[in-house]
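Undergrad: Residue strings, one per chain:
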Amino acid sequence: MKVLSISRKVFMIIALGIIFVGSPVYSHHSTAMFNQEQVLSLSGTIKEFQFTNPHTWVQVLVKDERGQEVEWSLEWGSPNTLGRQGIRPSTFPAGAGVTIRTYPMKDGSPGGLFIGARFADGKTIGRWE
Amino acid sequence: MKKLITIFTITGMLLCMDTLFAQPPAEESPRTPTPRRADGTVDLGGNGVWNLPYVTNIAARMEGFDEGKRPPFRPWAQAMWAYNRSNLVKYDPEGFCLPPGGPRSMGTPYPAEIVQNRDRILIIFEGGGHVWREIHMDGREHPPLDELNPTYFGHSVGHWEGDTLVVDTVGYNEKTWIDYNGHMHTEQLHTIEYITRPFKEVLHYVAVIDDPGAYTEPWTVQWDINWIEGQELQDYVCQENNKFLLDMVDDEGNPFFQKTNGL
Numbered sequence: 001m002k003v004l005s006i007s008r009k010v011f012m013i014i015a016l017g018i019i020f021v022g023s024p025v026y027s028h029h030s031t032a033m034f035n036q037e038q039v040l041s042l043s044g045t046i047k048e049f050q051f052t053n054p055h056t057w058v059q060v061l062v063k064d065e066r067g068q069e070v071e072w073s074l075e076w077g078s079p080n081t082l083g084r085q086g087i088r089p090s091t092f093p094a095g096a097g098v099t100i101r102t103y104p105m106k107d108g109s110p111g112g113l114f115i116g117a118r119f120a121d122g123k124t125i126g127r128w129e
Numbered sequence: 001m002k003k004l005i006t007i008f009t010i011t012g013m014l015l016c017m018d019t020l021f022a023q024p025p026a027e028e029s030p031r032t033p034t035p036r037r038a039d040g041t042v043d044l045g046g047n048g049v050w051n052l053p054y055v056t057n058i059a060a061r062m063e064g065f066d067e068g069k070r071p072p073f074r075p076w077a078q079a080m081w082a083y084n085r086s087n088l089v090k091y092d093p094e095g096f097c098l099p100p101g102g103p104r105s106m107g108t109p110y111p112a113e114i115v116q117n118r119d120r121i122l123i124i125f126e127g128g129g130h131v132w133r134e135i136h137m138d139g140r141e142h143p144p145l146d147e148l149n150p151t152y153f154g155h156s157v158g159h160w161e162g163d164t165l166v167v168d169t170v171g172y173n174e175k176t177w178i179d180y181n182g183h184m185h186t187e188q189l190h191t192i193e194y195i196t197r198p199f200k201e202v203l204h205y206v207a208v209i210d211d212p213g214a215y216t217e218p219w220t221v222q223w224d225i226n227w228i229e230g231q232e233l234q235d236y237v238c239q240e241n242n243k244f245l246l247d248m249v250d251d252e253g254n255p256f257f258q259k260t261n262g263l
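Chains as they are written, first to last, in this note's numbering: chain A, 1 to 129; chain B, 1 to 263.
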């Protein structure tokens, strides 16, 4: 796991970017639980893509420092908005290897706000710069 | 303190987001004449849907807000608004997937469709938990208030004043907020909405919020809603997988809901 610190200015640009593209994660549910000053990078395998209302969840199995598999829950947009952008339940096939970028939970629990993902073949989903 | 500032910065950004979302149609946007029905009344439908903007702070849609004008709060309503701000609006009913109710329904994300029948107009909302409003157009009046069970959307009667659809609603329950920002209301809420379609691509929405229980005088908000030609409504069942409710605790630290092995 690699934790990247980003500057406040970059954070603001990213945050405004999210707002301008209208990420549905910022709907009526608070995002105060996410640390949006840190981008966390995780590598693992997809367990499940919960293509559900009000928001979707990317469930990823990630090995921790002791080699134990931990299930991470990464919140993404609504199936409505993502569906209109071409995202499908099959976008994250179970068992696929991915690297995920996320704003992690402030309380340290294995979860976060989904930013983007990159598959082994280089294909990217969401925001990946 | 820095974290606190960050939280407030994020919150502030979220709260001003509706103004960022509100994109008036660009000059080069098409302006097709207002569609009309056979009887000459304005057609509020067509082959498409209305792309409701996300109006998080309805007060920001008051004329004069930027110059400091604010809703004419009664003291308790102002205190509750401040309290709602202090806990990052965690008690917002819509966060629990309850319906938006009232004018908030016209500023809650995901599109809506307006269906005009002979004696009633239905507004079908994809968001807000997949709900609809019914507006009686048959000339009836509201039932006496003591015969009206309070509901999320209240009792709506409408009529045309020229090309303006005027919708008068009473009988709201108190289980909704006026917006995400934390403005509340009482069962005395009475709304008058003025809906026009100045040209095909835009619905202009005006709402008068008249609630002597929470505000000292009526106040008016308004925004534009853009048309998306060809788009259709989808499912949206908010309570399907609302995970945060399971982790949410009240002011005493008690969980709202119990985790189960569930569905």
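Since the hints were derived computationally from the structure, they do not count as laboratory data.
Heads up, some of the hints might be wrong.
[To be verified] Derived contacts from chain B toward chain A, CB cut-off under 7 angstroms, selection only:
1) Ser86
2) Leu88
3) Tyr91
4) Tyr236
5) Leu245
[What the hints assert, rightly or not] Some chain A residues well away from chain B (every beta-carbon gap over 10 angstroms; in silico):
6) Lys63
7) Gln68
8) Arg88
9) Gly95
10) Arg118
11) Lys123
12) Ile125
13) Trp128
Glycine residues also receive a C-beta, built at the ideal position from the N, C-alpha and C atoms.
Undergrad: Against each hint, give a clear statement of whether it holds in the structure.
TA: A quick look at each hint next to the structure:
1. A cut of 7 angstroms between beta carbons decides the hint on Ser86 of chain B: the least distance to chain A is about 12 angstroms, and the hint is violated.
2. Look at Leu88 of chain B: its Cβ gets to within about 5 angstroms of chain A, closer than 7 angstroms, so that hint holds up.
3. This hint is violated: Tyr91 of chain B has a C-beta 11 angstroms from the nearest C-beta of chain A, more than the 7 angstroms allowed.
4. The beta carbon of Tyr236 of chain B comes within 6 angstroms of a beta carbon in chain A, closer than 7 angstroms, and the hint placing it at the interface holds.
5. For the restraint placing Leu245 of chain B at the interface with chain A, the shortest Cβ-Cβ distance is roughly 9 angstroms, beyond the 7 angstroms limit, so the hint is violated.
6. With a closest Cβ-Cβ approach of about 23 angstroms to chain B, Lys63 of chain A is found to remain outside the 10 angstroms limit, as its non-interface label requires.
7. With a least beta-carbon separation of about 22 angstroms from chain B, Gln68 of chain A lies farther than 10 angstroms from that chain, consistent with its non-interface assignment.
8. Chain B leaves Arg88 of chain A outside its interface by the beta-carbon criterion, the shortest separation being 13 angstroms against a cut-off of 10 angstroms.
9. With a least beta-carbon separation of about 22 angstroms from chain B, Gly95 of chain A lies farther than 10 angstroms from that chain, consistent with its non-interface assignment.
10. Residue placement check: Arg118 of chain A keeps its beta carbon more than 10 angstroms from all beta carbons of chain B (closest about 25 angstroms).
11. Here Lys123 of chain A stays apart from chain B, with its beta-carbon at least about 25 angstroms from theirs, past the 10 angstroms limit.
12. Against the 10 angstroms criterion, Ile125 of chain A stays outside the reach of chain B, whose nearest CB is about 20 angstroms from its own CB.
13. Non-interface call for Trp128 of chain A relative to chain B: holds, since the shortest CB-CB distance, roughly 22 angstroms, exceeds 10 angstroms.
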